[in-house]
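These protein sequence lines map, in sequence, to chains A and X. Residue numbers for the first sequence follow numbering that gives the first Met the number 0, so the first one is 0 and each next one is one higher. Residue numbers for the second sequence follow numbering that gives the first Met the number 0, so the first one is 0 and each next one is one higher.
No lab work stands behind these hints, which were simulated from the structure alone. Positions of the beta carbon are idealized from the N, C-alpha and C atoms, including for glycine. There's no promise every hint is true.
Heads up, incomplete: computed chain A residues facing chain X, CB under 8 Å, no partners named [said to hold, decoys possible]:
no.	residue
1	Glu-2
2	Ser-5
3	Cys-9
4	Cys-12
5	Cys-19
6	Leu-48
7	Ala-52
8	Arg-64
9	Ser-100
10	Leu-103
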Amino acid sequence: MIELISANRCIKCDACVAACPDNVFDARPGELPIIARLDDCQTCFLCELYCPADALYVSPFKDLREQVDEQALIARGLLGSYRRALGWRGLKAGGTAGDLSHRLAEPDGTPHQS
Amino acid sequence: MIAVANEGVQLTTDILVLGGGPAGAWAAITAAESGAAVVLADKGRMGTSGATAAVNTAVIDVAPFSASRRQVLKRRLERGLGLARADWIESMVDETHLQLGRLATWGYEFPIDDRGQTYRGHLRGPDYMQTLRRRLHGLRVKLLEHSPALGLLMSDGEVAGGRGVARSGEPWTVRAGAVVVATGGCAFMSKALGTYGLTGDGLLMAAETGAVLSGMEFSGQYGVCHVAATVTKNLIYDWATFTDESGRKLEGEDIFELLARNLPLGPVYAIIDKATPAIQEGLRRGQSNIFLPLDRQGIDPFRQRFPVTLCYEGTVRGVGGLRIDAQGATSVPGLYAAGDAASREAIVGAVSGGGGPNSTWAIASGSWAGRSAATHAARLGRNANERKADPVECAGAPRESAIAPEDAASSISAAQAEMFPLERNFTRDEGTIRDSLHRLDATWRALLTARHVHQDRRLLCRSREAVAMLATARWIYASALKRRETRGIHRRRDHPKLSPAQSWRLEVGGFDRIIVEPAR
């Protein structure tokens, strides 16, 4: 579940509010968005991916709350880690050219799960 | 006419597409390319909604006349256990091959494989959906986002639009010459990755117009997942060893059967110890979302075992949905369906289409439905939206009143309690099916007398989701009762063998009284 909107990093762009497929956040004029419906968070990590400021952290646990400490997350390199793994920068998607999933394909070149 | 229908956003268009996953996007693209004006409404955001946006997916990319194409056809027919059809599989892969070529021209960068060739057999979900979104903008498709659909409009026996309420509470109504339902399958809010919004809404809306469903019994489908997490990605477990608490190695041909057999006995662990360094790098640099729940817990899956479970995936990675013809048309005029909202029996038969087949189907069936819907709307001509169109009667609860949130929540829990347990749904028998149906029917009847809340329109979405999931659960088990054999992902403990005499499809529909009938 989404556990952190960093007040230090958030630029109040509301990209997470727009990106969330499940209506978890509420935007507030001039303020940080709030996590309004945590129970509806499906732990899909997409708000984190769409945050250009690396201000969000989605804990991997779908039902359990996790106490998170922003400095510890930063020290472990976890804020923005999904974006970096994919190659997204700022508001720009990217990095599919480096996708090595073809290594997982079958010898005849057809995808592994076709 | 109810006052609500005259408030809020009122639009007229040629085609209304419900759902902004890949199938809906391809339907909107092909309809717009056919010259139609298109509105696409999505419960969330086009680009993050649906099972594809949160994941990576294989896609079947095979060239016409190639050996790979013959191989895919052979394999799918064998795996389909008598219900897959060669002509549908061929149309699907040929359509998809063309469309994947176009995806590259819209900016999706495919990688170069180790043989120096462009590899198009895999799509990275978030990037793929962003590319489709750009294409929709280029074609001036109007997006209604964070705008759940609640029902369809009909005019003289034909579907003529849809209506809903935005998350803000503002109602919307779209009059259209034709509607494409691409709302995905139903995973009963199990939180299997990306599926939370997939609650069978489109199946409900379509069935309310009289549309027929098919293949709903092929739904005993679960994904492998870390016990506390959501990433249901089965691919990685092809390189796994499973052990029990004591460290004893668990054996089995089929990982799902292995897990379903052992999970009731105690914890099961996986370690991805069979992946070579090249495969490990391939997984890391192709399937990075697999590692999110593991890295964040400090687990190295190649060296440490971690506890796994099976998470229900319903009809999203099962088979059933709205019955469509080869043009994407449902049994109701003006109503088309695509992607996981449609039955995939013709391409996967009785087995899961998770991974390559479903994503390939989304592209092909979306393209078919978009073109056919555009043709239908064009045939109606300019005056189509001057037809008198009325909202379709809602099943389960009156149209403009939401079930109280606590009643919706308890109905959803009631459906989940019948759908999630392995002993009810991974394998089934006449006793468990009848027992589940009995309780689901009682919950359905209770809905009709549930307390209603009128003042807050924002509650309507969850209310309709509850109705949709209950209806879907009942279609699933009513179909499962009728198929007295084991075939693919319909596993009957009391009929453990495939019965060649039952090589039919089962069509299902209705609400208060559900009807199931065999069809060839």
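Hints and how they fare:
1. Glu-2: Hint on Glu-2/A: violated, closest Cβ of chain X at ~11 Å, above 8 Å.
2. Ser-5: 16 Å, violated
3. Cys-9: Cβ of Cys-9/A sits 19 Å from chain X, so the hint is violated.
4. Cys-12: 14 Å, violated
5. Cys-19: 7 Å, holds
6. Leu-48: For Leu-48/A, the interface hint holds, since the closest Cβ of chain X sits about 6 Å away, which is under 8 Å.
7. Ala-52: For Ala-52/A, the interface hint is violated, since the closest Cβ of chain X sits about 18 Å away, which is over 8 Å.
8. Arg-64: Since chain X brings no Cβ nearer than about 12 Å to Arg-64/A, farther than 8 Å, the hint is violated.
9. Ser-100: 3 Å, holds
10. Leu-103: 5 Å, holds
Checked against the numbered hints above, the structure violates hints 1, 2, 3, 4, 7 and 8; every other hint is satisfied.
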